[in-house]
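Please put together the full structure from these sequences, using the hints given.
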Amino acid sequence: MRKFRAKMILPCLLLLLATGFAAERIYAYFTTYVTAKGTVPIRLGHETELHEEYRDWKKTISVENVGEVPVFVRVKVICGSQFQVKVTGDKWTEKDGYYYYKDVVAVGETTDSIVAAIEKSKDVISDFNIIVIQECVPAMCDEDGNMYVPEYADWSMQAEYTVDEEADHE
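Those letters in the sequence shown? Residues -22 to -1, 1 to 148, per mature numbering (1 follows the signal peptide of the UniProt record, and there is no 0), in order.
One or more of the hints may lead you astray.
With beta-carbon atoms standing in for the labels, derived distance ranges [said to hold, decoys possible]:
1. Lys36 with Asp132: 28 to 38 Å
2. Arg3 with Cys57: 40 to 50 Å
3. Phe106 with Leu(-7): 57 to 67 Å
4. Val44 with Thr66: 47 to 57 Å
Using 27 Å as the maximum straight-line C-alpha spacing, the simulated DSSO-like pairs for lysine-lysine come out as follows [said to hold, decoys possible]:
5. Lys54 with Lys98
6. Lys36 with Lys73
7. Lys36 with Lys(-16)
8. Lys36 with Lys69
9. Lys80 with Lys54
10. Lys73 with Lys54
11. Lys64 with Lys36
12. Lys64 with Lys54
13. Lys80 with Lys69
14. Lys36 with Lys(-20)
15. Lys64 with Lys80
16. Lys73 with Lys98
What the hints contain is simulated information worked out from the structure, not anything from laboratory work. None of these values were measured; they are calculated from a predicted model. Every residue gets a Cβ at the ideal spot worked out from N, C-alpha and C, and that includes glycine.
Next comes the structure, spelled out in structure tokens:
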């Protein structure tokens, strides 16, 4: 029995030692990937609202600027692979899978409509859904205060933030 205990002590000590070395990494993982509690509203100044109307296998889409600054707008239209979607709109141009609105959308204004239509097939009787993803970025100005044209919109922009370590968190 004593030999068995002596043989078990070494593996247990090695396991304890290995766990000690891994504890720092495990702690780092669980403190990096956490879910925040509470609410802190974040306002970036540019915000849009998507308006959609559906009728007769057509979805009419427009985007309203409800933010605080003029914006550039683009939308992506997605539907099931068994359907062919045809997208039309006078002030919209297709590029890299998105439809870009040709004008700057001022605060409180709404884009002209873009229509996504699906050809009705008698072979397909099932339900379908046209998914619309809309994005906006703030309209940029040059040194003289002139608005850039939408083709120069920076769609790679990301929000930057800092964490105030001394703030009172409740």
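Hint by hint, here is what the structure shows:
no. : hint                            : in the structure
1   : Lys36 with Asp132: 28 to 38 Å   : holds, 32 Å
2   : Arg3 with Cys57: 40 to 50 Å     : holds, 44 Å
3   : Phe106 with Leu(-7): 57 to 67 Å : holds, 59 Å
4   : Val44 with Thr66: 47 to 57 Å    : violated, 25 Å
5   : Lys54 with Lys98                : holds, 21 Å
6   : Lys36 with Lys73                : holds, 21 Å
7   : Lys36 with Lys(-16)             : violated, 75 Å
8   : Lys36 with Lys69                : holds, 18 Å
9   : Lys80 with Lys54                : holds, 15 Å
10  : Lys73 with Lys54                : holds, 10 Å
11  : Lys64 with Lys36                : holds, 9 Å
12  : Lys64 with Lys54                : holds, 12 Å
13  : Lys80 with Lys69                : holds, 5 Å
14  : Lys36 with Lys(-20)             : violated, 80 Å
15  : Lys64 with Lys80                : holds, 19 Å
16  : Lys73 with Lys98                : holds, 26 Å
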